[in-house]
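The listed protein sequences derive, respectively, from chains A, B, C, D, E and F. Residue 332 in the working numbering sits at position 332 of the first sequence, with consecutive numbering throughout. Just remember that the working numbering sits 343 ahead of the position in the second sequence, which is counted from 1. Just remember that the working numbering sits 527 ahead of the position in the third sequence, which is counted from 1. Just remember that the working numbering sits 996 ahead of the position in the fourth sequence, which is counted from 1. Just remember that the working numbering sits 1479 ahead of the position in the fifth sequence, which is counted from 1. Just remember that the working numbering sits 1585 ahead of the position in the sixth sequence, which is counted from 1.
There may be inaccurate statements among the hints.
To be verified - If the Cβ cut is set under 10 Å, some of the chain A residues that face chain B in the computed set are: (1) Trp302; (2) Ile303; (3) Met332.
Because the hints were derived from the structure by calculation, they are not lab data. Glycine residues also receive a C-beta, built at the ideal position from the N, C-alpha and C atoms.
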Amino acid sequence: MSLILLFSLGFIIEKAVLIIALFALTLGVAAYSTYGERKIAAFFQDRLGPSNAGPWGLLQPLADGVKMFTKEDFVPNQSERWLYILAPGAFIFVALMASAVIPWGTTLTLGGLNWNLQVTDVNIGILYVVGLASLGVYGIMLGGWASNNKFSLYGAIRASSQMISYELAMGLSIIAIVMLSGSLSLKTIVDQQAGMWNVVYQPLGFILFLTCALAECNRAPFDMAECETELIGGYHTEYSAMKLGFFLFAEYINMFISCTVISCLYFGGYHFPGLDPNWLGGLMGPIILLSKSFFFIFVFMWIRWTLPRFRYDQLMHLGWKSLIPLAIVNMMLTGAGILFFGK
Amino acid sequence: MQLTQRSKNVVKKEMTFLERIYLPAIAKGMWTTLKHFFRKSNTVSYPKEQREFAPVYRGWHVLKRDEQGRENCTACGLCAVACPAEAITMEAAERERGEEHLYREEKYAAVYEINMLRCIFCGLCEEACPKEAIFLTDRIVPSDYARQYFVFGKDMLVEGVEPDKRVDVTVRQKHITEKNTQPA
Amino acid sequence: MTALLILFLTAIAVLFVGLKYRSLLQPLALIGTLLALGATGYDLFGPGFGWGAEYASMFRFMPFADAFSGVAILATALIIGLSGWGFRNLNSTLGDHYALILFSLCGALIMFSYTNLTMLFLGIEILSIPLYVLAGSRRDDPAGNEAALKYFLMGAFATGILLFGMTLVYGATSSFDLASISRAIGNGDQMPSMLKVGILLMIMGLSFKVSAVPFHFWAPDVYQGSPNLVTAFMATVVKTAGFAAFYRLFAIAFPGAEGFWSVPVAIIAALTMTVANATALFQKDFKRMMAYSSISHAGYLLLAVLAIGTEGADRALLFYTLTYSLATICAFGAYIAVAEQSGDGSFSAFNGLSTKQPLLAAVLALSMLSLAGIPPLAGFFGKYFLFTAAFAKYPWLIVLAVINSAISIYYYFKIIIAMYFTRLSAEDSAEADAPNGIVLPAGVRWAVMLGLLLIALLTLAPGSVYGLI
Amino acid sequence: MSLIFILIPFIASAILLLLRPAGLSRHLALVASLANLVATAYCLTCDYSQGMNCTFSVPWVASAGISFSLGMDGITLIMLVLTNLLAPLIVLSSWGKAFENEPRYYGLLLMMLGALNGVFLAQDGLLFYVFYELALIPIYFICAIWGGQDRIRITLKFFIYTFVGSLFMLVALLWVYLQTNVNGQHSFAWADLVAVPLSPEAANWVLLGFFLAFAVKMPVFPLHTWQPDTYVTAPTGGTMLLSGIMLKMGTYGVIRWMIPLAPEAMHTLNPIFISLAVFGILYASIIAVKQSDIKRLVAYSSIAHVGLIAAGILAWNKAGVQGGIIQMLNHGINVVGLFFIVDMLERRLGTRSLADMGGIAKSAPKFAALFMIIVLGSVAVPLTNGFPGEFLLLNGVWNYNFWLGVLAGLTIIFGAVYMLRAYGLVVFGEARPETANFEDVNPREFLVLGIIAGLVIVFGFFPQSILGLTEMSVDRILGAVQL
Amino acid sequence: MLESIRSIPIDYYVYLSTVLFVIGVFGVLIRRNAIVVLMCIELMLNAVNLLLAAFSTYLSDAQGQIMVFFIMVVAAAEAAVGLGILVMIYRNTKSTDISLLDNLKN
Amino acid sequence: MVLPIFLTLAAISILTALLMVLSKNPVHSVLYLILTFFAIAGQYILLNAQFLAVVHIIVYAGAIMVLFLFVLMLLNLSKETEPQKSAMWKLSGGIAAGMLLVTLVGALRGGIEVTIPENASGKVGLVENLGMVLFTDFVVPFEIAGILFLAAMVGAVLVGKRDLQV
């Protein structure tokens, strides 16, 4: 099916609305993730966190946004100007693209219309996500390189090698899932978990995927690319104002998408035992999925504020010498399981 | 070499498999942080609320005046001598005629400075003072931007004449008296 | 097929063993290759293992493939025999070297047996990629670096051209399977121009790989810059594999189109022999001379491709590659022993070798004679069989080839002259008696002796190999 | 039986080359060559009237129709006699010299011997070619290792000349081979090759290819340029081998291979070939007359003589071929003797220049006498061995073409001129200080020269013994191949 | 739907691939930076891939696309090895200029 | 509908490919090449080879070009250090390439024939279909590719590793 050929006006409108809604959602979640991050970090450290802007500090993201927009937008003198400007845009663009194939729910009945809650169900959805994840590194690399700052460059180089390394283990652990479900479509994978979540069959795969997702998002304990104590700010050392904001935002978007994907792959997506995703006119599905995602966002933050940062060689050792072999073992075990017990 | 009784011999022993996969340790760490997550926060939103001070809190110094509004200090210099941080400096001057309502005795401190960056708030100055002129109070030393603002002169130290500007040091005074009257 | 498995497993075993027991590496690699050789022999002479037929759509170890595998494995075994000395300075990467050589050999085996262009492509790459690395395996040697880069860029470029040709052929015949392509071409009277362009591009790509003129310019530099043993491997196994693949492709897939491709191939062959021989005359460095010699042999070997359809073309190719490989390896064995001890690779390094090391000199002399195709050495029979096969179709080319082999004597004899006829000056003779004169390491001795023995065997009984397939 | 001729020398050569028994090498070489001589003597007793005898044939490369087949008839036998008779003499001739690497020298010599025997015995085209080329390698090494001044350049020239020449033969051979069809397979057997009917054009090319190879070897003008230099440079043993035996490979090849394979083309090309041969005779003779270097003189004389042999054979009549065969043997004997004498002169006087010699007759009468006999043989005085051969050859050429015969006949006159001039200059005249106390022949030299001189006389008196041996074979080959 | 794909003549794909391929060759010829040369080779391979995919679709034959995968495999392997070699050379010469590498030409 | 898209993508790919070749800064070259790859991926989608398109993006844009960029950054190559061939050389290169193009197109013109089978379907590019072919007919090359990867990996390590003194 050639995607382009299916375009019709109604289709385009439906999708456009969905896309805009998704963008809004994603950006909102990302924005509040920053708030959540501070708040959660505070709680872990027996603090209060932001509490002055609005009740419980709920308006803090807005304040941050205003601050970002009003700060001086600074372009370093010896930088590659256009790439410097392009990089954050590319980064956030790629991050936003990934939400297209995520099945947010079944069908939403709203105003007498049925809205399909997935922008597009391509039969290779999960590859699409992996592909975008692999593209994410360009924003970082270009940003780091274009800044003409050695710390930025270090950050960029670290980020790129780290992402390439961890993509492999991630792909391999996804393959185990694909073997179980027999499909690359995220929707199919989710629907197959209506009875039993994949994490039950794939505990090891889940841990691997989680680890890799942390690394792919440049989250602690794998935040080599921007670790303040070593590289000042890593690839975004030279960035300021909203360009910096884009970078930070995109990272949270990535985290959100990663968590959603984890939910879809291992935790049944919009399914929850005892809850029908079609309740509330189909709104239950998204609610379930978002709850799961938020939980994983919390887990991400929890991990960040618990574990110390890896050293760079440890990071590579972990990726190549532990995760990849484990992922292969996991894949083989899955294959054996399928062979002996059927699906 | 055993230096103290409390020193521990560190042995780098081979880690067991369970230790090497780190997951239990990570889980333990997560559990620890999670416990903190649900612990009550210790934060005091300072400008809005203030935490309680101990009765013997030693803060910003004050140079007392007597009931008639005369400075107690005679610039004898004992406080400066007692100060372990050498934070106190002063210049003495003789009281002129017509200044009796200002200074209690013939000699007074024309300049009296405490460097708040040096001061360690130990309270030895007040113990040394024979005239009950200097006390540490429960006021917090205000913050500022430059070092020079932390050398407090008499303008910052001497309490006001008006009754509402007087600083209450009774608790402190009692404590000092008790301390000084205790047999050595 | 069994041999391929054995080699692959040996390579992996070598990788692991190499982490700890470096002294075991050479024996292990040798045992692996010999086992593979045995397996090939069992397939060829004995009843055979008789499996793998179910993969016949991809590759098939028929006698043709088995015999060529035997040649390549034998050559590799000899090179591994030399390696005890040739790789003596390597420390931590020794295991990698052996493994890469074995991997490369796996690629060669695939190129002998493919029945599908996909396999050809993969085989070429498996053969080449380890060699790109091996060429530059002396990391701080600028010449090695240059060789690696040149080899790599040229190899990759050639791959591109080859693939474009393959694609066009695929488009025209709608298959990658050699037999299907052949069926689609039929008798070649209705070939779309897409197919023609495809075949031409494939010829170009393969010519790059086998270093035929005018696509040869990278070869001398690469040969010269690479470590000696790697050069020996390139000159023998790679060449064998390249030509076997070339032959297979044109014999199975494109026989119908012969009228179209034979003229360009003939021109390339003529150019290759002539240019290479003419250039080799002016070389002063042994390795560079061997590079041009190898190119000129490529020219002769192209005759086998031209002779497709003639009885015995494949046998001639087999025999030629075998004798050529043996002689080249013997020559390189001697060269390694001499050049690495005297630190000089030019012809003058060989001056008076016949008095310093008579055995080495004899080996080198005989291999040079064999390469030159002087009767009755095995190399002569190789040339003879090739020329016979191609004679009926291209008599003029044979005459040219004959003239070229005459020219080649001149440069092959330079070495012989240096070894035997150049009398040493007084201080040279003193040096020859000195304790630090050239010694003959045991590994080199055995390898070249074995090679020499095989050459002698082929000289006495050429039929033993010629009749194999 | 035939295999013995190849095996003995090769085995001995292998022992010498590989084991290098320093002290024993010349003894071993002598023993091996004598053994061969004995075998030759035995073969003389066999019957050759029925064609090939003493055949030996095993398939070599069966799938390509190549076999290792040997055999001999009268012609071959004469060549074997020549080779194996001269071989001990050549070994003896270098007996007393001190060599470096003696085993290697004798090893190569024996290898050469084996290869030469192989050339004469081979009944398979490829085998012939292989031995033909194999003979080149040891002589190349002998000349280039133990040779004189500028040896490397000269020997390489020699090697390339002969090798290139024989490559053309290979091509021609291949062409014929590809036309054969024995039970659906190509064959290299002599009989099968000869049986191939060639188109006239192809026959021309084939003949030309063979002629190039043999002409270089013999050598025929204008392909002779390698020869004098090589003879002069080569050590005596090498020169003897070259001139005594190796040249005969060419003439033998003409009889056995070239003409039978492509007789069709002989009519077209023969006039050119014979003219070249005859012109070569004259050319070489004239140059020989003017030579002052005795070795070079003998070399040119050799060209002249071989030119006559070639002309006679190419005439392809009974007299010519018979004469050619006899003369191959006799020329071999004579030229070996001459070179031995040259060597003696050179060693004792330290020069080869005729101008520096003279007056030896007084100090060395035995030497002078033996020298005389050999010179007479070379000049083809009746009752020496040179005479019957030259007579028959001239007869043959005469029969082919009168004028050519006349021109060729000049060789006898020229030969007498230059040989006797040389003899006179060496032996007579004023004795010089250097030549005054010229040491006469020692026993070993006497043995060699004596045998040669004896042979000169014996074959001069009884040419019929040889002619009888070859007659049947020559008839057969002439009968089989009618021009 | 197949028809709509095939509404573009296959010639267009052939020409497009040829042009891309030639641009790759052009780059190999004129660039001196080895990395860029390598990139040009990648472009050549991609032109081939595109053509294979087009043929595959037009012929309804999966082999072509399978071949593309193998080409990708090889391209990845080549890139890894090639860049490794380049880095190695850079360590020695501090340059990736291919025309500096002419020392072997004597 | 399809043709304009095709033409647009084709124009983009050719343009960016040319820019890749001609741009002086190697980093820009990489970026242009990535754009070319995206255009080619678009062509794949147009050919209904979605799986191919995504794999193309993952492998080329996601892995190979990152590697290139990585190396460029590591070696700190930029416009200033970029070696340039002489104008003469460039011109002759251009002429050679132009001639190659003319030759190829000329040779191919009118000779492009593709035999379209009767039972053609548009589904060859779907992942199920490809998987079936890959793991049945082409399983041998698939596994052989493993050797290739292993060899390349060992090789890359060998080249990259610094010598350890043993």
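Evaluation of the provided hints:
1. Here the hint on Trp302 (chain A) is kept, as its CB sits about 6 Å from the closest CB of chain B, short of 10 Å.
2. Hint on Ile303 (chain A) holds. Least Cβ distance to chain B is approximately 7 Å, under the 10 Å limit.
3. For Met332 (chain A), the shortest C-beta to C-beta distance to chain B is roughly 19 Å, which exceeds 10 Å, and the interface hint is violated.
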